[in-house]
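**Q** Spelled out, the chains give:
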Amino acid sequence: MKNQFLSFLTFFLLFIATSIQAQIKSKVWYDGNARVMYDRNVLAGSNLDQTDTVSSRSTGQGFSKIDLGIHFTPVKDIEINSSIRLQNDFGGMWGNRNTVALRSLSATGVIKNKIRFSVGDLFLNQSKYTLYNYSQELAKYEPSVFNFYREYINYENYYIKNYWRLQGIQTNFSYNMYKFIEQIDLDIFSSRVRGSQWLGDPELLMIGGTTFIRLNKNFKIGSHYINTFEVMSSSNTNVAYYNPVITAKIIYSDKIYEKYPYSLIFEGGLSQRGWRGDEFAPETNGSFFSSSFKSKIKSSNVSLSFRYVDTDFRSIGSQSRRIHYSLTPTSYPFYNNNFTQRKISLLDIVSDPNIYNQKLSTSLMNYNPMYSATMPYGDATPNRIGAEINIEDINVTYFLKLNLDAKYFTEISGQGTREKRDFLNGVIYSKLFLNKIFDLNRPIIIETSFNSENVKRAGSAIEKISLNNHLLSGGVSIGIIENLNLICGAKMFSSKGNEYLIERNKYDEIIDYDKVTYANEEKIVIAGLQYYFEKDTYITLQFNHFNVLDVDNVKDEFSMKRLVFMFNMNL
Amino acid sequence: MKKNKIFLFACLFVVFSCEKTDIEGPFLNDLYGDLNILEDLKIVGDSVNFENGESLHFTASFSKIVDWKIRIQGLNSGSIKIISGKSNVINSINSSWDGSSTELPFFGSENCSVELSFETHDTLIESELYIFTPKNYVNENTVLITDFEAGFNPNFTGFFQAGCTKSLTIGSSGEGTKYLQQFGTCDWDWLIGYIDYYSNFWLNQNILVNDPSQVYFNIMIKGDSTISEVDGVPNSLFKLEFYEDENNDGYYDANTEDRYDFEFDVNWKGWKMVSINYNDVENLVAATNNAGDGIRNPNKIHNVRTLLLANPNSGFAKADVDFLIWSIGGPILN
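Protein chains in written order, with this note's numbering: chain A, 506 to 1076; chain B, 77 to 410.
Any given hint could be a false lead.
DSS-like mimics (lysine-lysine), calculated; alpha carbons at most 30 Å apart, straight line [stated by the list, open to error]:
no., chain 1, residue 1, chain 2, residue 2
1, B, 345, B, 315
2, A, 1020, B, 345
3, A, 1040, A, 961
4, A, 1020, B, 145
In silico contact screen, one side only, chain B against chain A (beta carbon under 10 Å); selected entries [claimed, not checked]:
no., residue
5, 99
6, 100
7, 101
8, 102
9, 103
10, 104
11, 112
12, 191
13, 325
14, 327
15, 329
16, 330
Just so you know, these hints were derived from the structure itself, not from any lab. The beta-carbon is built from N, C-alpha and C at its ideal position, and this holds for glycine as well.
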């Protein structure tokens, strides 16, 4: 029934589009994405005949999807955008396993050439502390041979840069002035984060606004405001969540020696979070402050920043995480003779779009300190004070490029003790163009990155924490013939030490700790061929090998091989 | 520019002057630390005279917040008092004892053993104390119906089936030395027997307050936890009937006055104090034609009838009683 409706909607939209085109000579154009993917997973490992007699030895799945984006302008200054997904899972026929779904629908326009507006599906982003969709863990400076997985995950989950996909209405305009103030920019939106649920939580709405005032060519001040709240009257409840956040920002831009441009950015803000009508719910008031210096020196982008985000700072729009650790992984969710539930590991973070979250969460989502301990909620991670340095695009020589990132943070409040955790995180990335050294026509590129994270807490034997996480990634791309590359890559992850996993109640208050010891080693190896028709149109065939081992529990080792084929085309 | 700097530093001052707690969440030491006794268990106010309203308390301190339990047992009476808490210190606020019991019978003038134990820890600390005079439960906030110490008042009339027993017994009582045994087997009727405790023969003639939420009926019942072989439920069924004399004529008239009933299984062995808030006595036996006022009026209670019932097919039933008393403001064993 749903499919019939969507089919009808597709043809209706096409009909309207062509009808309008006929009547008022509107423009219609198309874009979208086509993807065909097939993978076959094979359970691997030694002694499988003894350790796992219940899991199937191999599983396979595939699909072809076309997301057809239709754009048309029924009248001047208005554009209707829709994206309709046609999907056919391999193995179905005559309508079975075929789906037609509306992937997005929106309209944008301009009123009197001054005020822009968008309605329907919106991609929204504000400050890093109000509304910001931070990248998944361990994604920074990932070798590009893993890009096809990353692009697939991000596309399927509507992750466009650091925007959250929401539904509602947005408008913005700029106004130029002549005295004291040069320009005012205003952007406001209203969206429905969660609809009403039968006998469930009330509707969750979000309103927000950004304003920037440019005082002169150097000086700009602005503010972000966002308020997420439940509408009590939309449900049979007497409790309603609220979380307003307001920030103020000052940006000063100039040039050093009239040569190197730089910006000084100061931002501070306040948050409030509570549940109206719930006498047991605490109202938390938090704050943050950040200052950063950004410059471009020669080809390099340099950034130095300091951040203070207090323990009670809560912002639903910037603290919702991409990875949902309570979801079940797609490949072999259960394995071995004990029917062990497989925990989300690096292989799923790298390749499984189904463990990702598309919704804002009203409470702090769980994270795994193995993969992300320093900044699990991005820059808006509460209970952190520290500094970060980031230098990108360092051209060491004409054939070697480097990126560097280092963070040192500490907790503001100890968790369960007066001792505080110290976090040290460093990432180094290099890109070596061998073809430039040997003056070859075909590209031979070697990328390596090393991500090291260290968590320490002093104190008594109970309080002490020492956790070391390392991810070494490498990728090689060799051009065999024009547009055809041989690619291979590897990720070697290790985590050793101890930590306390935090258990929070529904009000985000810490109620318990789970003492955990890590001795994990994970490996991902990929090798294959990739042929590019154009930049975003490629076909790839790869062999992957994944291995997840807990050294303290070797009987639950998980090993899997995968043959994956993907065709991707951005229309 | 100077103003901008001042504004900036003002912002920084506001942010960093906010006072935040040093610690988030429960202490790790309380969850994972070892338990060490920093100060040993002490009894403050030993040889206590509970009858005069005195109390005693305990002191101790530990290295972590822990669930602790003090168990006091009368070496003669066998009465037990449990005081428990979750803290890293035991003091007068969380361990004060007024001589009351958790498990019947009541304490007497006797030596008691004291044990301090901890949940999830094997540590056990033992001590002893002496009760000079036991607690007197009868005071201005109570109305004692009977404790049988002066014998069974013949004005408390009733009926027991042929072959069933109602007998005043000495020794092993819930309070004092005497109690009333009630038991028997009746294979032709649910009723084993009943007794009417008329208010004009209650030992205390204080008038109950007319706020049913404040009035508690307390009765000690000694069960034998016999389970019926017929229907698998406890054999002994106990019923309380409260008769209100709405017009204060000294007589209960079923046509014009209300009665409230409360029924429960006697599914335990030994003595137990049953306390019922008069507001919770839900079963109204309304006067004929609803002529009663349908309002619980504890100050108009004319008679309390206790009935021992049993399924005639199930056999033996027993529910001895002692120390029938009204209390105001809370159950007698609070």
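**Q** Need the list of violated hint numbers for this structure, in ascending order.
**A** Numbers 2, 3, 11, 12, 13, 14, 15 and 16, in rising order.
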